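**Student:** These protein sequences, in sequence, are chains A and B. Under our numbering, the first residue of the first sequence carries the number 1, and numbering increases by one thereafter. Under our numbering, the first residue of the second sequence carries the number 281, and numbering increases by one thereafter.
What the hints contain is simulated information worked out from the structure, not anything from laboratory work. Fair warning: this is a prediction, and the values are worked out from it, not measured in the lab. Just so it is clear, CB atoms sit at the ideal spot from N, CA and C, and this is done for glycine as well. A portion of the hints provided could be inaccurate.
Unchecked claim - Some chain A residues judged to face chain B by a derived CB distance under 10 Å, without partners named:
1. ASN9
2. PHE37
3. GLN79
4. GLU252
5. LYS256
6. THR257
7. ILE258
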Amino acid sequence: MNTIISNINLSEVELKHVLSEVKCLSNFDFSLYSHSFIKRRTEYFMSKNNIFSEGDLIYRINNSSALLGHFIENVFFQQFELFRDVELWNYIEEKVLPKFLKQTEVKIYFPYSSGAEQLYSFLYILNNFNTEKFKIYITGVTDRHVSKIKNPNFTKAHVKASEKNISLLKTALDKDDVFFENNGEFKVNVNYSGNLIFTTCDFFKEQHFADFDLVFFQNKMIFFNTELKAKSLNYVVRSLKKGAYLILGERETIDKTIEKKIKHLHKGMSIYKRKTFLLT
Amino acid sequence: MNKIKYIVIGGSAGSFKVVTELLSVLPKSFPFPIILVLHRLKYIKNGFVEALSAKCELPVCEPSDKEQIKDAQIYIAPANYHLCIDIDKTFSLSVEEQVNHSRPSIDLTLSTAGRSLKSELLGVMLSGANKDGAIGLKHIKDAGGYTIVQNPEDAMVKTMPDAAILETNPEKILSSQEIIDFIINLKP
């Protein structure tokens, strides 16, 4: 069945067994992910691969590192459109990027990336600016993700989902400016001459980067439970320079502790600015 | 019928009128949360909550991620997000692929609500032009929840009720007015 809803219904204990085995084999701890999300992605993976019991899944990932890799990749699915929340991209182009005009270096960060949509959406917006001074850091969850982000393939469905967004951008672009077809797949038509630094980094485990002017962390926290959400947001806020910008997903919220550190800039958009001093 | 504590309603073309009629007659003292998942355009983000609030005495909102489900509140699935219900009775949003060409998908909300809220859940399927919601309603029934489908003859578009009836064999098949009466007469 080609849908993320599966007829498989793992019990709590079965799901725990699977996640514990994945952690042993790969060091990825999904136990702090949103329960309904990780359960659904696991059941979907099982359904796609004709695996009908947790025991069978555990046996097969133990005997195939490729299948284990696919499991992890399946959890960090690719998102489905460029320029999602198009009004936000227009705001970044009109209100945020001009603030950097006087800086000699601008550091941008896409942490915990599994797909290429946000990066390439940003690169198109950036086309109207002097790109030489921009240093863009993209950290992928695994090597496979980094490789996919460097050389992304999009499907016809991606193109269709992105088409209306493109038409609503303030920057004059059309679908053919963004995508070109190559053997039935679609590539992005981006011509970017600035610095792009790709690396693998799970920021829950490793020292992460800092001093950024703008950080994109849209729709990532929705996959975590409350504990991991707070932890990830703390990391991300710490990576911002004072006065720097943070982009979250439209329906993602921040808690009171974080509210002391960042200021919400625009009603209806999840764009925040790190405060230059902390309220006590 | 078990003690119902949560209500989830799915619908698409032709369902908006039924939903606004229901919301307009709900008394201020209505104790249960109602979660609405209606197909909507992803680019139109404003106006939907306001339109549903206009004649409703209970608060209407689009939930944020990880928000706890509260009694006596109307929730509407936000545009371009799937709305899921977690086992700790919180909302969990997702930007995963569309299901039945839809995000929010009725199937996904109903299915996760059924598996999390089990026998405390009433699932209702209204008028609509595709089959989204049929599998989700079945998951509600399989998990011990109570299911109602709008009578296809009463629905403005009967594809969705027909599919839900075929998939689920619901406890009740009712007209829109009977569904409204059933819900407002639920007792805590």
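**Student:** Is the hint on A/ASN9 kept, meaning its closest Cβ partner in chain B is under 10 Å away?
**Tutor:** holds (7 Å)
**Student:** Do the numbers back the hint for A/ILE258, that is, is its least Cβ distance to chain B under 10 Å?
**Tutor:** It is violated, given that the least Cβ distance between A/ILE258 and chain B is near 13 Å, above 10 Å.
**Student:** Can we keep the A/GLN79 interface hint, with Cβ of chain B closer than 10 Å?
**Tutor:** holds (6 Å)
**Student:** Was the hint right that A/LYS256 lines chain B, CB cutoff 10 Å?
**Tutor:** At about 14 Å, which exceeds the 10 Å cut-off, the nearest Cβ of chain B leaves the hint on A/LYS256 violated.
**Student:** A/THR257 was flagged as interface toward chain B. Is the shortest Cβ-Cβ separation under 10 Å?
**Tutor:** Hint on A/THR257: violated, closest Cβ of chain B at ~15 Å, above 10 Å.
**Student:** Against chain B, run the beta carbon of A/GLU252 and see if the smallest gap drops under 10 Å.
**Tutor:** This hint holds: A/GLU252 lies near chain B, its Cβ roughly 5 Å from the closest one there, short of 10 Å.
**Student:** Taking the least C-beta to C-beta distance, is A/PHE37 closer than 10 Å to chain B?
**Tutor:** holds (6 Å)
Taken one by one, the earlier hints fail for this structure at numbers 5, 6 and 7, listed in ascending order.
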